[in-house]
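Assemble the whole structure, with the sequences as input and the hints as a guide.
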Amino acid sequence: MDLYDELPKSELLDTLEFSLLLEAAIQYNVSLVEFISLNARDLARLLRRSINEVAKFQRLLILELEAQFNKKSQPVLLPKSQAPELFSTGDLGLDEALGGGIYTQCITEIYGESSTGKSQLAMLLSLCVQLPKSLGGLEGKSVYITTEGDLPTERLEGIINSNETFSSNGVSQEKIFTVSCNDLINQEHILDVQLPVLLDNSKGSIKAIIIDSISHHLRVELQSTSYKESQENRHYIDILAEKLLLLAKKYNVAVIVTNQISDKPLVKLSEPMQQDLLDYEYQLGWIVGWKDSSILYRQRYNEPTLSSQNEITETAILSDDEDYQLVEKEMKKLIKAEEKKFWSHADGQNNKEDTKDSKANVKDRPKIEISSNSGHKRKVDSRIPNLGLSWSNHISTRLLLKKMYKASPMVRRGEMHLYKGNDTSAFWQVKRAMKVVFSTFAPDSEVSYMITSRGIESVQ
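At position 350 of the sequence shown the residue is numbered 350 (full-length UniProt numbering), and the sequence of numbers has no breaks.
If you are wondering where the hints come from, they were derived from the structure by calculation, not from laboratory data.
A few of these clues could be false.
[To be verified] Here are the computed lysine-lysine pairs in the DSS-like style, where the Cα-Cα straight-line distance is at most 27 Å:
id, residue 1, residue 2
1, Lys379, Lys291
2, Lys406, Lys333
3, Lys329, Lys379
4, Lys420, Lys336
5, Lys332, Lys379
6, Lys264, Lys377
7, Lys403, Lys379
8, Lys377, Lys403
9, Lys141, Lys250
10, Lys291, Lys406
11, Lys250, Lys175
12, Lys420, Lys340
13, Lys435, Lys264
14, Lys377, Lys291
15, Lys379, Lys435
16, Lys332, Lys406
17, Lys249, Lys203
Computed from a prediction, not measured in an experiment: that's the story for all the values here.
This is the structure in structure tokens:
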């Protein structure tokens, strides 16, 4: 009889009228499901009790279950004071992509390769949260926890001085509590002891907690050499994320973390395998922000093929690298022009010699071979954020910062012939983009940005 487990506070359990009936239910191992699914006659025969007694108990039990269901199914509205707040990033383009800005009571993750601007964005947010509410801020202080060195105070001061909005509204480093942790034990002590005490004493003045980066010590000290250790590490990450979420909701603060990346190379299986839609590997690309072509290529990489005609190749799936092809095209034009110029000069010299020898020279001219590979494809994405699915399940917004190389304006204008240097890097221009991989508050999108003296600024 599992009625005591399902309805431990039920008044029926303490009613003297049904005490013998309940004892019979325990004796004959009759479950709650049988009480509400069987008719009174069958149940009475099973319990060896009267039909009237069983029917009355069934009626009261169903009424109690319905009352419990109606009570628990009622929507619970959050009080206005508990609703999440948000603050601006200081840039209209970034705010639009984020659904208004950075939200409290949740975790926002910023991940990407080195030199993409993760720390730059984190530092900018530690200043933006200080702005008045009329300017998109929360008039709050922030906590900045560093795991890879000290906080670059000179850079922070430079951002403040370069932005008149900051300097004229009292934004300063004095409103940033900063601490560095040099190992995982120190990080645990800060998050479990020092940070809650600081939030308690701040009385609501702190509005943002920034950890730069969350995975630096974890990936070094949480080694997985066995399945048991792997499970323990996942549990550790779950507990860590739940602690941060608890702080975010209890104190109405925004938790912003930067995350490092690891590589997930393509692995060719010994036997073909068809991935299922519910497989983690099948869905991974959407969770981490890969290109659509990379997602499809990886999903079909180990699929069994019926014949050589329907085999999926890089040419069929991966997207073209238009910028590489443009630079290659302009290089061909430049080399051909130089070749024509060279042989025009040689022809002028040959006119002074014998005509027969000149014809022989023209016939024996060497040809400069240029690769005709016009199908250069973009690389298959392989970078993923650290900490895995256990961590991803707890964050509300994941931002991918990436750095790419595009054809420079000189190449796009067809002016490569004007360049007189030998450095081919002049043919390329760095392009940075912030991709909203997923978010509770905004649809997936991507916005270009650049790193300036003012921090991070979106570009059209």
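Structure-inconsistent hints, enumerated in ascending order: Checked against the structure, no hint fails, so every one of them is satisfied.
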